[in-house]
Amino acid sequence: MRNPMTTLKSNTPKKRSPPGRIKIMKALTTLLKKKDFHSITTAGIAAQAGITEGLIYKYFTDKKGLLYEVLKEHFESFLKGIEQNIKAEDSSLARLSIIIETTIASYAGNRVFARILLLEVRNSPDYFNCAAYGLVKIYAATILEIILQGQALGEINTDVDPHVFRQVILGAMEHACLGEVLFGSRMNTKQVSEKICRILFKGVQSS
946 MRNPMTTLKS NTPKKRSPPG RIKIMKALTT LLKKKDFHSI TTAGIAAQAG ITEGLIYKYF
1006 TDKKGLLYEV LKEHFESFLK GIEQNIKAED SSLARLSIII ETTIASYAGN RVFARILLLE
1066 VRNSPDYFNC AAYGLVKIYA ATILEIILQG QALGEINTDV DPHVFRQVIL GAMEHACLGE
1126 VLFGSRMNTK QVSEKICRIL FKGVQSS
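Each residue of the sequence shown is one higher than the one before, counting from 946 in this note's numbering.
Because the hints were derived from the structure by calculation, they are not lab data. Built from N, CA and C at the ideal position, the CB exists for glycine as well. Take the hints with a grain of salt, since some may be wrong.
[Claimed, not checked] Computed spacing ranges between beta-carbons, pair by pair:
#1 ARG1067 x GLY1026: 19 to 25 Å
#2 LYS1009 x LYS978: 15 to 21 Å
#3 THR1006 x ARG1067: 16 to 22 Å
#4 ALA1097 x ASN1074: 22 to 28 Å
#5 LEU1064 x SER1036: 31 to 37 Å
#6 HIS983 x ASP1104: 41 to 47 Å
#7 ARG1143 x LYS978: 32 to 38 Å
#8 ARG1056 x ARG1143: 36 to 42 Å
#9 ALA992 x GLU1034: 42 to 48 Å
#10 ALA992 x LEU1098: 30 to 36 Å
#11 ALA1097 x THR975: 44 to 50 Å
#12 ALA1033 x HIS983: 39 to 45 Å
#13 GLU1028 x LYS1008: 27 to 33 Å
[Unchecked claim] Computed cross-link-like contacts, SDA-like style, restricted to lysine to any residue with a CA-CA straight-line distance of at most 20 Å:
#14 LYS978 x ALA992
#15 LYS979 x TYR1002
#16 LYS1025 x ALA1039
#17 LYS971 x ALA1039
#18 LYS968 x GLU1028
#19 LYS1135 x ALA1050
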């Protein structure tokens, strides 16, 4: 089965970031563990990073641009983890199960990543034109392609609308993690993933 994430490497070339840029991104990540994005100031980011406030604007257009770059960095790491985890699997349902478990574990284990992605950026129209959203589209396209492959191989019922099924998967994962993101509640990620897979896949699996 072809790896549906082969576009990741070509779309996200890696180059070494200047030390100041790295400090600024780490500073925002640290502050996001304690505060919501809108209560964080560029002065606070500069103080946390130990740099002058003007240096932020050397590397980023504004505070929101910095947020998108932090999300992009987290999402690149997240996608590489998924790519590594699914490459040895041939079954489409097994691949989808791995994506669901990896996603839920990533959201629960990295609350900053989950908060940015699920809460902080979606009300901003410019988010949908940034590089981070390009990675989100790769992630969504990967899920869709695996569903289509599953239908072609007879693993998934062809009566199922693949786009709707993808949305159901995405919605189930996000809803399962909102308590963790909003309130810091603990969750058994493996158990939650298994329950979601059981409900979703029994309804679409080809008999």
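Results of checking the hints against the structure:
1. In this structure the hint that ARG1067 and GLY1026 lie 19 to 25 Å apart at CB holds, the actual value being about 22 Å.
2. The supplied range of 15 to 21 Å is met by LYS1009 and LYS978, whose beta-carbon atoms lie about 19 Å from each other.
3. Between THR1006 and ARG1067, the C-beta spacing of about 19 Å keeps the proposed range 16 to 22 Å intact.
4. In this structure, ALA1097 and ASN1074 break the distance hint of 22 to 28 Å, their C-beta atoms being roughly 33 Å apart.
5. Taking 31 to 37 Å as the suggested C-beta distance range, the pair LEU1064 and SER1036 conforms, at roughly 33 Å.
6. The hinted window of 41 to 47 Å between HIS983 and ASP1104 holds, with their beta carbons roughly 45 Å apart.
7. Between ARG1143 and LYS978 the beta carbon distance is about 33 Å. The supplied range of 32 to 38 Å therefore holds.
8. One distance hint, 36 to 42 Å for the beta-carbon pair ARG1056 and ARG1143, is violated here, with the actual separation near 26 Å.
9. Between ALA992 and GLU1034 the beta carbon distance is about 46 Å. The supplied range of 42 to 48 Å therefore holds.
10. A hinted range of 30 to 36 Å is violated for the C-beta pair ALA992 and LEU1098, which are about 55 Å apart.
11. At about 46 Å, the CB distance of ALA1097 to THR975 agrees with the hint of 44 to 50 Å.
12. In this structure the hint that ALA1033 and HIS983 lie 39 to 45 Å apart at CB holds, the actual value being about 42 Å.
13. For GLU1028 paired with LYS1008, a C-beta distance near 31 Å keeps the hint of 27 to 33 Å intact.
14. Taking the CA atoms of LYS978 and ALA992, the gap is about 16 Å. The hint holds against a cut of 20 Å.
15. For the hint linking LYS979 to TYR1002, the alpha-carbon distance of about 23 Å lies beyond 20 Å, and the restraint is violated.
16. As the CA atoms of LYS1025 and ALA1039 are separated by approximately 18 Å, the hinted pair is consistent with the 20 Å bound.
17. Taking the CA atoms of LYS971 and ALA1039, the gap is about 35 Å. The hint is violated against a cut of 20 Å.
18. For a cut-off of 20 Å, the pair hint linking LYS968 to GLU1028 is broken: about 28 Å separates their Cα positions.
19. A hinted pair counts as satisfied when its Cα atoms are at most 20 Å apart, and LYS1135 with ALA1050 qualifies at roughly 8 Å.
Of the numbered hints given earlier, the model fails hints 4, 8, 10, 15, 17 and 18; all others are met.
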